[in-house]
Amino acid sequence: MLIRTRNLVKTYRMGGGEVRALDGVSVDIDKGEFVAVMGPSGSGKSTFMNVLGCLDRPTSGEYVLGDRKVSTLAGDELAAVRNRNIGFVFQQFNLLARTPAVENVELPLVYAGVAKAQRVERSMKILQRVGLGDRTDHHPAQLSGGQQQRVAIARALVTEPLLILADEPTGALDSRTSLEIMALFQELNRQGMTVVLVTHEADVARFARRIIAFRDGRVVQDEHNEALAA
Amino acid sequence: MKFMALLRIALRALAVNKLRSALTMLGIVIGVGAVIVMIAVGAGAQARVEEQIRALGSNLLLVMPGSTTAGGVRMGFGSGSTLTEDDVVAINREIPEALAAPALRGAAQVIWGNANWSTQVFGVTPEYLDVRQWPLAAGRAFEPAEMAAAAKVALIGATVAKQLFGSGDPLDQSIRIKRVPFTVIGVLDVKGQSLMGTDQDDLVLVPIKTARSRVLGTASAARNRTVGTIWVKAADGIDTKVVEEHVRSLLRQRHRIQVGADDDFSLRNLAEVMAAQEASSRVLALLLAAVASVSLLVGGIGIMNIMLVSVTERTREIGLRMAVGARTRDILGQFLVEAVTLSLIGGLIGVTLGIGGTLMIAELAGWRVVLSPEAVALAVAFAFVIGVFFGFYPARKAARLNPVEALRFE
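The listed protein sequences correspond, in order, to chains A and B.
First residue of the first sequence: 22, per our numbering; consecutive thereafter.
First residue of the second sequence: 2, per our numbering; consecutive thereafter.
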């Protein structure tokens with residue numbers, strides 16, 4: 022078992038009242054799965070992602086990543102877990118402007134303390150793997166949306182993490198490019214990478230092998246993707 | 002994270018907004034430049050005053066005769082003839098912590114061969130050289146026998162030696178002062194400019210008796226043994242003010258001046274004159290220091306302001322860096338290095354401009370300046386401290402951002 026959550030609860034204080042963004046979520050995800058997390062806005066899927074990505078801590082409940090209980094870690098320990106075990110892909114790519122693709126991919130390795138030569142070597146290799154071997158010196162502004170998202174995926178992969186967390190990765194892309202990016206995720210998953218994807222689009226979710234649906238902070242549906250199985 | 006990596010990130014971030022970075026630096030540039038100029042000018046004034054103190058002797062009193070009145074016109078200090086050689090003897094006898102030397106001054110033309118030079122001739126006693134702390138560059142001082150016999154011997158100042166003899170040897174040469182032949186027995190060491198900027202080496206010393214009878218004297222002056230000035234040196238470790246009071250009361254007593262009446266002489270404490278000069282140059286330096294520190298403060302606030310703007314603008318970048326594993330200290334370091342880079346570059350530009358400005362002041366105003374590496378190091382260190390101090394708050398603000406909120410920031 023790669024991810025094991027038990028009774029995750031996350032509450033926010035808002036105005037006078039208290040909002041339960043997560044209300045007792047227990048989910049297990051195995052190594053090598055491709056999971057789509059779905060739900061309307063406000064359903065708690067983003068909060069769940071933030072907890073899975075160690076960006077946020079649950080108010081209560083337990084989260085075990087790999088063989089480590091991370092729900093009680095704080096600050097720099099969480100940063101180390103994110104650095105080593107999790108690769109993020111965002112809707113807005115979040116690449117550093119005016120910075121060559123290869124240096125964008127290097128960024129997690131910089132914080133991991135890897136030496137420059139090794140950083141460059143590993144980053145070049147990953148960029149080739151996502152099909153951008155000839156664009157390594159291009160700045161984000163010189164790349165198309167799809168290419169920028171590939172750079173971001175390369176950045177997520179470069180530390181060889183336990184899982185990739187993708188938050189609406191196709192939200193800023195046209196439908197054709199979206200297909201290419203989703204195909205890339207599928208390919209990575211076939212090679213053994215665990216991928217957790219947050220989306221509200223059914224078209225995107227159908228690339229996953231398992232779909233977990235959220236509503237009002239709870240898991241309301243958790244099933245294998247019939248369309249894909251078929 | 003390595004420092005060089007942080008520095009590269011900082012330089013890239015600063016290069017994105019070149020104009021903004023340059024304007025932010027301006028306060029530091031001006032502040033550091035002002036610090037450099039201030040220290041250079043201040044140290045120059047200090048050095049000038051110290052040099053003059055050394056040249057003149059900081060433990061000197063100068064006694065001059067009181068004023069006379071001629072036809073209702075008061076002639077000013079030094080015009081009277083109230084001081085005599087007996088006063089000098091009395092000071093030396095009654096006040097053990099003081100050494101007094103009289104001087105009788107006049108202008109005269111000095112001739113050697115076909116060279117001539119107009120200079121000041123002083124009639125002095127052998128104590129004069131002790132009191133003025135004036136060593137000989139060559140030759141010997143007056144001997145008691147020469148003093149008593151009013152011998153026609155002379156000590157010449159460095160300027161006179163140069164004007165009359167050029168690079169030749171003046172010793173034992175015969176010069177004429179007001180047509181009276183004198184033998185040069187010694188050359189005085191170079192003393193440089195006085196506080197008022199006059200050349201102190203442009204003079205000839207002769208025994209006071211000789212001066213009175215052969216060169217400068219008038220019949221009445223010779224009879225009364227009057228002197229032009231009395232130099233009084235306080236012994237080492239004795240406060241000049243104490244000696245000043247002793248000399249004053251002794252002279253008042255000798256001159257039979259009633260209590261409450263004015264002195265018939267003027268007593269100047271040169272140490273105090275110079276202290277006043279030093280104080281005024283210090284005031285100037287303090288003023289510059291105030292300008293410089295205000296400028297540095299404003300510059301520092303400017304840096305803080307721009308860094309806060311930068312942190313806000315780059316909130317998403319900070320969120321991303323946190324997401325991929327940046328720890329608190331990585332973010333803190335990144336923004337602190339950026340602020341310090343800003344202030345240090347400003348500081349270095351300021352140092353360059355400060356040195357340039359200092360040299361320009363030296364050139365145009367003719368002021369003495371002293372550029373010291375310590376001052377430059379101090380200014381740069383100051384810029385560094387300002388960068389750290391004013392950069393810390395924005396950097397800490399960045400490092401404390403919540404990654405979830407930072408990533409969601411629009």
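Each hint should be verified, as a subset may be incorrect.
Unchecked claim - Derived DSSO-like pairs (lysine-lysine); straight-line CA-CA distance at most 27 Å:
id	chain 1	residue 1	chain 2	residue 2
1	B	19	B	398
2	A	137	B	3
3	B	153	B	179
4	A	146	B	398
5	A	137	A	52
6	B	163	B	179
Said to hold, decoys possible - Covered stretches of chain A (in silico footprint by chain B; criterion: 3 or more residues with CB under 8 Å from a CB of chain B, positions within the stretch not fixed):
id	segment
7	96-108
8	124-133
Keep in mind the hints are simulated off the structure, nothing from the lab.
On a predicted model such as this, the values are computed, not experimentally measured, just so you know.
Using N, Cα and C, we set each Cβ at its ideal position, and we do this for glycine too.
Hint by hint, here is what the structure shows:
Between residue 19 (chain B) and residue 398 (chain B) the alpha-carbon distance is near 23 Å, which keeps this suggested pair within the 27 Å criterion. This hinted pair checks out: residue 137 (chain A) and residue 3 (chain B) have alpha carbons roughly 10 Å apart, not beyond 27 Å. A C-alpha spacing of about 12 Å is found between residue 153 (chain B) and residue 179 (chain B), which places the hinted pair at or below 27 Å, so the restraint holds. Restraint check for residue 146 (chain A) and residue 398 (chain B): not satisfied, since their Cα atoms lie roughly 36 Å apart, outside the 27 Å limit.
Between residue 137 (chain A) and residue 52 (chain A) the alpha-carbon distance is near 31 Å, which puts this suggested pair outside the 27 Å criterion. Between residue 163 (chain B) and residue 179 (chain B) the CA atoms are separated by roughly 19 Å; this keeps the pair inside 27 Å, and the hint holds. Requiring three or more residues with a Cβ within less than 8 Å of a Cβ of chain B, the coverage given for the segment 96-108 of chain A holds, as 7 such residues are present. Proximity of the segment 124-133 of chain A to chain B, defined as three or more residues with a beta carbon under 8 Å from a beta carbon of that chain, is established by the 5 residues found.
Of the numbered hints given earlier, the model fails hints 4, 5; all others are met.
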